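Note that the protein sequences, when read in sequence, are chains A and B. As numbered in our numbering, residues 118 to 222 make up the first sequence, in order. As numbered in our numbering, residues 371 to 764 make up the second sequence, in order.
Simulated from the structure, these hints should not be mistaken for laboratory data. Note that this is a predicted model, so its numbers are computed, not measured. Where a beta carbon is used, it is the ideal one built from N, C-alpha and C, also for glycine. Careful, some of the hints might be misleading.
What the hints assert, rightly or not - If you only want the chain A side, here are some residues facing chain B, beta carbon under 7 angstroms, derived:
1. Ala-185
2. Leu-187
3. Glu-212
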Amino acid sequence: MTKAWSPLTAETLAEVPATVGVFEVADASGVIGIDYAGGHSPFGLRGALQVWLDRGPGLSFRYERTNAYLSRFREVVQVFVNDTGEPPSNLADTENLPTGRIRQN
Amino acid sequence: MGFAFNDVQRALIHNVRSFVRNEIVPLELELDPDESELRPSVLDGLRVKTKQMGLYNLDAPEEFGGPGLDTVTRTLLAMEMSQHRAGLYSACYGAFGQPDMAQLYEATDEQKERYLHPVLRGEKSSFFALTEPAGGSDPARSIQTRAKQDGDDWIINGTKVFISGADSADFGLVFARTGDRESGREGITCFIVDADTPGFTVRRVIHTLRSGHYPTELVFEDVRVPGSAVLGEVGQGFAMASERLTKNRIPYAAGCIGVAMAAHRLAIEYAGIRSVFGQKLADHEGIQWMLVENEIDIRSAALVTLDAAERADSGEPFRTEVALAKIVATESSGRVVDRAIQIHGGYGVTKDLPLERWYRELRIRRIGEGTTETQKMIVSRDLLRGRYAGLMDR
Numbered sequence: 118m119t120k121a122w123s124p125l126t127a128e129t130l131a132e133v134p135a136t137v138g139v140f141e142v143a144d145a146s147g148v149i150g151i152d153y154a155g156g157h158s159p160f161g162l163r164g165a166l167q168v169w170l171d172r173g174p175g176l177s178f179r180y181e182r183t184n185a186y187l188s189r190f191r192e193v194v195q196v197f198v199n200d201t202g203e204p205p206s207n208l209a210d211t212e213n214l215p216t217g218r219i220r221q222n
Numbered sequence: 371m372g373f374a375f376n377d378v379q380r381a382l383i384h385n386v387r388s389f390v391r392n393e394i395v396p397l398e399l400e401l402d403p404d405e406s407e408l409r410p411s412v413l414d415g416l417r418v419k420t421k422q423m424g425l426y427n428l429d430a431p432e433e434f435g436g437p438g439l440d441t442v443t444r445t446l447l448a449m450e451m452s453q454h455r456a457g458l459y460s461a462c463y464g465a466f467g468q469p470d471m472a473q474l475y476e477a478t479d480e481q482k483e484r485y486l487h488p489v490l491r492g493e494k495s496s497f498f499a500l501t502e503p504a505g506g507s508d509p510a511r512s513i514q515t516r517a518k519q520d521g522d523d524w525i526i527n528g529t530k531v532f533i534s535g536a537d538s539a540d541f542g543l544v545f546a547r548t549g550d551r552e553s554g555r556e557g558i559t560c561f562i563v564d565a566d567t568p569g570f571t572v573r574r575v576i577h578t579l580r581s582g583h584y585p586t587e588l589v590f591e592d593v594r595v596p597g598s599a600v601l602g603e604v605g606q607g608f609a610m611a612s613e614r615l616t617k618n619r620i621p622y623a624a625g626c627i628g629v630a631m632a633a634h635r636l637a638i639e640y641a642g643i644r645s646v647f648g649q650k651l652a653d654h655e656g657i658q659w660m661l662v663e664n665e666i667d668i669r670s671a672a673l674v675t676l677d678a679a680e681r682a683d684s685g686e687p688f689r690t691e692v693a694l695a696k697i698v699a700t701e702s703s704g705r706v707v708d709r710a711i712q713i714h715g716g717y718g719v720t721k722d723l724p725l726e727r728w729y730r731e732l733r734i735r736r737i738g739e740g741t742t743e744t745q746k747m748i749v750s751r752d753l754l755r756g757r758y759a760g761l762m763d764r
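This is chain A alone, in the form it adopts within the complex (with noise of 0.2 angstroms):
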C-alpha cells in the first residue's frame, strides 16, 4: 500500500467512505495494524476505522477501497510479514492470520 497516510481523527475518518475495503493503520513506531471492511462490516471503512480511532489519539492511517477486500487484505499482511519477518500486531496472536508468501519485486 503507498497511500499517503492521515492522522486518525474524527475530521478526517468523516470522509472515509462507507465501503468495503483494506487499511493500515499506525503509532510513532511505524504499522501496528492491518485490517479489511468485509461485507460484514457497518457503514465499511469508516465504521472498522472508527474502532481504532475510540483506542485514543497519535494514530495515523491510510486506506485503499476495494471489492476484492479480503485477496487485497492477504497480500498486504504477506507483503508485510515478508518485509518485517513478523506480522503487525493486530494479528501477532490471531488464528486469522493469512499465511503464505508474497516476495514484491
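We have chain A; now place chain B onto it with these hints.
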C-alpha cells in the same frame, strides 16, 4: 443413460446433505460473506467428521485411502457439497480433502512418499502451474516457460498466471517447455517444484471479482531442480495436464449445478412468503415461469453432466461429453442464479444472501477450466471429424 440412484448413492447423498446443512451452513453466519477459508482448528474438526463418515479424500482411489467411488457418485456428491455460500469453489472448505491429485498417483515411489502421501494426510498442499500470460485456452502453444537440462539438473525460467493457492502451497506441479517451439505438446514436461526453491517467487495476488480466492502470478528465475523432480516422462507433461483438465470439468460442472439447486430452493421459498400487489410472488405467472425455467436449466445441466460422468466411468472416450457438460452447466447455472436474484429483488443483491456471490463466481466459471468457446471448439472438432458417435449411436 439412466439415473435411478442406488441405495449406496442415496445414503451418501443423505449424509453429505446433512453435513452441509448442519455443519457448514451455520458456520457461515459468522464468516465474512466472501470468505473461502476456515480457521485451521475449525477445519480440522470438520475433517475428523468426514473421516468418520468414510469420505475423506473423496477423490482418491481405495489403494490411497480414499473411498474408491465411481465418477457418477462423486458427481452427485459434488452437487450436494457445493450447496452453501462458499461451495462453488471451496466445497465444504476442503473438509472432504484436497482436490484430486491424480497426476501423483503415477509418481515414483520416492515422489509419492515426499508429496502424495503428505497431501493425502492433509499435511501439505500444492498448486498446478500451467497457465501463462500468453494464454490459457491453448496451453500447448502458449507455454513459454522453459526448462533446460544442466547435468542431472533442470533449470526453469518463466512466468505463470492465475495459479490458485501458490502463495501458501508447499510444492507445485510446474509445466515447462523442454523441447523446441515446434514440438508443441510433445515438448512439455511436468516438474515438481518445492515452494522454497531459490528463484521461485510469488509476485502478487491477482485481484478478481472473487474476493475470497487468491489466484497468483509466479516467477521462475533460474530455478534449479534435480532430475528426480520430473513427474512422469520428459515431454509427456501436456498429456498429463490435458487428462486432468478434462476430468476436472466434471466436478467443475457439478459445483455449478449444486449452487443453482440451492439458489432455486431459496427462490421457491421466497416466492412463497413474499407478497406484492395483494398476491404471493408465487401466484404471479411471471414468477412461476422463472421457476420453471430454473427447473429446466438445472435438470438439463444435471443430466448432461451425469452422462459425462457415466461415460468417464465406462472407459470410453468422454472428451466431447465433458465439454458439453461444462458448457451447459456453467451457462445454465448462471441463468438460474440470475433469476433467483430477480425474484428476491433488492435482497438478492445484498451480502445477506449468497446469491450475489454465486452470481459473480459463476461468471468466472464460463472462463475457468477452458472457456465456453473453447469447449464448443472441442465439440465441433469431434463432430466434424467423426470422433463423436452422437447420443443415439453409442
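Hint by hint, here is what the structure shows:
1. Of the supplied interface hints, the one on Ala-185(A) holds, with its beta-carbon coming within about 4 angstroms of a beta-carbon of chain B, less than 7 angstroms.
2. Below 7 angstroms, beta-carbon pairs count as interface contacts, and Leu-187(A) has one with chain B at about 5 angstroms; its hint therefore holds.
3. Residue-level restraint check for Glu-212(A) holds (minimum Cβ-Cβ distance to chain B is 4 angstroms; threshold 7 angstroms).
Going down the numbered hints, you'll see the structure goes against none, and every one checks out.
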